[in-house]
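Chain by chain, the residues run as shown.
Protein chains: 2
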Amino acid sequence: MRISELSDRTGVTIPTLKYYLREGLLHAGEAQSATRAVYDDSHVERVRLVRTLIDVGRLSIERVREVVDALEHPPPSRHQLLGVVHEALRPHPAPEPPTTEAVDRVRALGAPGCDESLASTQLAQALSAAAAGGWVVEDATLRVWQRAMHAVAETDVAEELGSIAPADALRHAIVGTVLTDPVLLALRRVAQEALSAERFGSADPEDGVT
Amino acid sequence: MRISELSDRTGVTIPTLKYYLREGLLHAGEAQSATRAVYDDSHVERVRLVRTLIDVGRLSIERVREVVDALEHPPPSRHQLLGVVHEALRPHPAPEPPTTEAVDRVRALGAPGCDESLASTQLAQALSAAAAGGWVVEDATLRVWQRAMHAVAETDVAEELGSIAPADALRHAIVGTVLTDPVLLALRRVAQEALSAERFGSADPEDGVT
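Line order of the protein sequences matches chains A and B.
Using numbering that gives the first Met the number 0, the first residue of the first sequence is number 0, and each one after it goes up by one.
Using numbering that gives the first Met the number 0, the first residue of the second sequence is number 0, and each one after it goes up by one.
Since the hints were made in silico from the structure, they are not lab data.
Be careful, since some hints might not be right.
[To be verified] Label pairs and their in silico Cβ distance ranges:
| no. | chain 1 | residue 1 | chain 2 | residue 2 | range |
| --- | --- | --- | --- | --- | --- |
| 1 | A | I13 | B | H26 | 47 to 53 Å |
| 2 | A | A166 | B | E115 | 42 to 48 Å |
| 3 | A | A166 | B | R198 | 16 to 22 Å |
C-beta atoms are modelled at their ideal positions from N, C-alpha and C, and glycine is treated no differently.
All chains should be built: construct the whole structure from the sequences, respecting the hints.
Encoded structure:
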């Protein structure tokens, strides 16, 4: 297909597609002449991935390029793939280094040390940032959350990932995490609302009109 | 205290503090003369809240002003407070309206309709965005996640919220949610890593050196 059809099929304007080509987010089409190239379904799929990472994942162009590079040169093991995913989806701008206390709390949860795991580092940083904002997550609460997120991760790390090609497993893991983090946070709010209505009532006497 | 001491105590520069004053994010100090005002602990606390909302919550100045207005004029009921929190923490820019299918799925989970709950709307939007990105969350998975986030919300909507002043409950709910969403997402990644190591091994034979 020509670039105009690629634009129609993805809803992304031609200038933006040309920008993706220049920035290396989209692989070149097959050249037909000096000014003409043709594109195929792999380009449609790539453009959709880039839009998802930008629109939903709010990744920077730089970060999207890291993901694309990783997809083109996937690491050999299934487990290393996840490190690439966590690297691409790390918070930006980089948070402050975690406090020693937070690093110790992460170890106490049974997670790997921050020197060997980016996920552990992110957790220690999130705990440090919360504490700096005056919010210390109690140990009992943290363990409830750990169990809850373990149940979520059970659905993320599906057995079938072991039998698909590394690049597919990587795309699967990145897209899945980017697209479903907002679903989890929205479910938290829905549950807060239900529990709040249950505990405090949806129409307090002092409400006046509701 | 003078503005210079407020700056020292919060780590926020004087020009930024003046910007917060102009934008209405920080209440005025007590005027001592035409060019001099004094500040107290309520200003220190407010500046810290504003920094948390901006740095960790990534809220826009406009959104921070909504939170601050709500704190100064808290809604009368505990349950309405949560609506204000969810309003302030809604995703930005506003996502596409949810599909009818997503709206129906949220109802099927037992949540209120999207016409009466912002949390339900956010969930329907997140499900729609995931589906648009090629990621349909299966019903069985969604129910696992719903149970997991219900367990998290049990720790969020503490009984003691019923007995504190509305403005304090509001600040508590906003700061808690902003600061702990990243903790939950990091816990998801830590759990993914543990399960991935368990299922696929942290050192596959094809890894070569590890």
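Going down the list of hints, with the structure as the test:
1. Between A/I13 and B/H26 the beta carbon distance is about 50 Å. The supplied range of 47 to 53 Å therefore holds.
2. For A/A166 and B/E115, the Cβ-Cβ distance of about 44 Å falls inside the hinted range of 42 to 48 Å, so the restraint holds.
3. For A/A166 and B/R198, the hinted distance range of 16 to 22 Å is satisfied, since their beta carbons lie about 19 Å from each other.
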